[in-house]
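Enquirer: So the protein sequences, as listed, match chains A and B.
Be aware that the first sequence starts at -13, since it is given in this note's numbering, and climbs by one per residue.
Be aware that the second sequence starts at 748, since it is given in this note's numbering, and climbs by one per residue.
Each hint should be verified, as a subset may be incorrect.
[What the hints assert, rightly or not] Using 27 Å as the maximum straight-line C-alpha spacing, the simulated DSS-like pairs for lysine-lysine come out as follows:
1. Lys170/A x Lys930/B
2. Lys180/A x Lys3/A
3. Lys200/A x Lys303/A
4. Lys783/B x Lys815/B
5. Lys306/A x Lys1006/B
6. Lys815/B x Lys983/B
7. Lys273/A x Lys996/B
8. Lys204/A x Lys293/A
9. Lys301/A x Lys996/B
10. Lys947/B x Lys751/B
11. Lys996/B x Lys303/A
12. Lys996/B x Lys204/A
13. Lys177/A x Lys947/B
14. Lys930/B x Lys180/A
15. Lys306/A x Lys293/A
16. Lys1012/B x Lys306/A
17. Lys200/A x Lys904/B
18. Lys34/A x Lys180/A
19. Lys769/B x Lys783/B
20. Lys801/B x Lys170/A
21. Lys947/B x Lys293/A
22. Lys996/B x Lys293/A
23. Lys204/A x Lys1012/B
24. Lys1006/B x Lys273/A
25. Lys751/B x Lys857/B
26. Lys851/B x Lys170/A
27. Lys1012/B x Lys3/A
28. Lys273/A x Lys992/B
29. Lys293/A x Lys1012/B
Hints were generated in silico from the structure; no laboratory data involved.
Since we're looking at a predicted model, the values are computed, not measured.
The lines below spell out each chain.
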Amino acid sequence: MANVLVVAEQHSGSLRKATLHALGAGSELARRLGGKLHVIALGKGIGKMADELRAYADVLVADAPVLEHYLAESYAPVVADAARAAQADHVCAAATAFGKDLLPRVAARLSAAMATEVLSFGGQGAQVTFRRPMWAGNVLAEVELATPVKVITIRPTEFPAAPKSATQGSVAPVAVGVDPGSLKTRFLEFKEVKSARPELTEARVVVSGGRGTKGDFKEVEGLADEVGAAVGASRAAVDAGWVPNDWQVGQTGKVVAPELYIAAGISGAIQHLAGMKGSRVIVAVNKDPDAPIFQLADYGLVADLFKALPELRAKVKASK
Amino acid sequence: MPLKILVTAKRVEDPESKIRVKPDGSGIVTEGVNYKLNPFDEIAVEEALRLKEKHGGEIVVASIGGDKSVTEIRAALAMGADRAILVKHDGALDPVLVSAILAKLVEREKPDLVILGKQSIDDDQNQTGQYLAERLGLGQATNASKTESLESEAEQKKQPGLLLSADGKSVTVLREVDGGLEKLEVSLPAVVTTDLRLNKPRFASLPGIMKAKKKEVKEIPANDLGVDLTPRVIVKKLFEPPRRKGGVKVADVNELWVKLHAEAKVL
Ligand SMILES: Cc1cc2nc3c(=O)[nH]c(=O)nc-3n(C[C@H](O)[C@H](O)[C@H](O)COP(=O)(O)OP(=O)(O)OC[C@H]3O[C@@H](n4cnc5c(N)ncnc54)[C@H](O)[C@@H]3O)c2cc1C
Ligand SMILES: Nc1ncnc2c1ncn2[C@@H]1O[C@H](COP(=O)(O)O)[C@@H](O)[C@H]1O
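Full structure from sequences and hints, please.
Expert: Have a look at this one:
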């Protein structure tokens, strides 16, 4: 009983990239434990995704009408049963909104302790410990989960995506014993924030705006679109209702680690830094030379963002 | 239909405080650190107050921790909650343990709704509400939010973000998820956790603070609840994260462009 079960995440039938990072973490764990890697896919009509997952692990498929819309209440028992059947003592998913909502419920069913946003593994051999951030990333902790089964969500930016294997894993259906009539939660609707831009957590470049935009994101979005970047924001900008909630980068928003992160009109509060300090190159554009963001930025420009961003955009355009 | 609401209140380090690790990695330096009610729990208390203002009912605050947690309990009572329970426990806590204790309180108090924060800003686990819902076999709606912005007129009117159904048997919750907002209906009793955009918590008024001093805070030793108090998430060591070496300033956009394009090759 030293196997690993990864929970796959889908959006309208297609696999989310974060899952590949969870599979990367899962295969590292399985190697350490000398166990097998399994992945479970849940939903309705997910045959194609299940097939795609065979390139990474043995696949368990929970395909049933009752699982059409994700609900923690209906998914948790299926994942917990599958973990038992697969003799998995580690259950892992990406630390996305889905993973964070679902896995604690799975953990409760398995009488397991859980670590959120795992950054790396420590310990010796099969005695695995988990490194994770606390206090908005001000502190890193090495934690041990003192239960037979251990549940984790991993931070996708900290683990490489699993490579496709030459051999195909097996596919096995799992029984779904969820009675729709017994559920206490009902899915009503999903209001998607449609965007032609790359996903924030997967983009190579992110341009973010803060309170310094005073609600005018035109230049932030203009530069982003010129370079094919995703757009992010500080909490202040989101709270004001200037941009969608799911643009928030930080301790309590999304964690990003692009090649390039440009922060415009963002002061650099620790809660914001928690979500972007893993970026390879950080640029700060801020009017205030003493803004804390400059202490961490690789390149700081003391300037008005409404002047600097269009100039930078013109440079990008001219170089094309 | 009046609602009985259990709302959780955790004492945490002030998010404005500078957190440092002790040289031996056994904990954080607490000298000079201020404490306050976990910001997400403030939002939970505010939501409970708005629901009570609209539907009537009672708000019970629950906290698990040492004697000092009374300060944060009083803060929640000063905002307007009715009474409180402090489950006294000086040892290490984790979501497994906290949710087991909260489950006992729910069995005793039988609230219609339990509102927690989505995350404690010290351990950043984001687990307790979900564990609790599963333990109790209840529906959950985490990351509760609302459509109107915190600067909107609707927010000025202090309307709750959670919508109670006409028959009083369920609530509709808008959740912040990846890629948008999701709407769920959850039968009562239910567990809800709060996200940042659910509301702007009120400040306690002076009369509120005075009244809070007289409100009941019932202390229960954790040992009395019949819960296994062994921590399962064991923090072995704390350490400082690697610091980035930043601090280079460029003179103008021209220089920035050269650095990004020619040197770092990221644009
Ligand atoms: C529980 C909790 C969780 C939180 N979670 C998050 C989180 O996940 N993410 C997050 O971002 N924050 C989070 N915060 C909030 C965080 O503490 C800060 O309040 C927030 O990040 C500040 O946003 P800002 O930098 O846009 O605004 P400010 O701090 O007001 O900074 C605005 C900056 O813009 C500059 N500026 C103004 N005009 C211009 C101009 N024309 N050109 C250039 N610069 C200009 C100013 O000099 C200033 O530095 C959290 C806080 C708490 C308590
Ligand atoms: N010791 C505690 N006392 C009261 N509430 C708590 C405690 N620990 C956690 N909670 C609640 O659970 C929520 C999520 O915490 P966590 O799972 O630790 O991130 C917090 O926002 C609180 O509402």
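Enquirer: Assess, step by step, whether the Cα of Lys783/B is no farther than 27 Å from the Cα of Lys815/B, and give holds or violated.
Expert: Cα-Cα ~10 Å, so holds.
Enquirer: Checking one constraint from the list: CA of Lys34/A to CA of Lys180/A, max 27 Å. Satisfied?
Expert: holds, 24 Å
Enquirer: Below or equal to 27 Å on CA atoms is what counts here, so check Lys273/A against Lys992/B.
Expert: Status holds; Cα separation ~21 Å.
Enquirer: Does Lys293/A lie within 27 Å of Lys947/B when you go C-alpha to C-alpha?
Expert: Cα-Cα ~33 Å, so violated.
Enquirer: Keeping to a limit of 27 Å between CA atoms, is the pair of Lys769/B and Lys783/B held or broken?
Expert: holds, 21 Å
Enquirer: When you check the alpha-carbon spacing of Lys204/A and Lys293/A, does it fall within 27 Å?
Expert: holds, 12 Å
Enquirer: Is Lys306/A within 27 Å of Lys293/A, Cα to Cα?
Expert: Holds - the C-alpha atoms of Lys293/A and Lys306/A are around 21 Å apart, at most 27 Å.
Enquirer: Take a quick look at whether Lys273/A and Lys996/B sit within 27 Å of each other, Cα to Cα.
Expert: holds, 13 Å
Enquirer: Can you confirm whether the C-alpha distance between Lys1012/B and Lys3/A stays at or below 27 Å?
Expert: OK: Lys1012/B and Lys3/A at ~25 Å, within 27 Å.
Enquirer: Check the hint pairing Lys1006/B with Lys273/A against an upper bound of 27 Å on the C-alpha distance.
Expert: holds, 20 Å
Enquirer: Lys170/A and Lys930/B: Cα distance at most 27 Å?
Expert: With a Cα-Cα distance of about 14 Å, the restraint between Lys170/A and Lys930/B holds, given a limit of 27 Å.
Enquirer: Does Lys930/B pair with Lys180/A here, judged by a C-alpha cut-off of 27 Å?
Expert: holds, 17 Å
Comparing the model with each earlier hint shows a violation of hint 21 alone; every other hint is respected.
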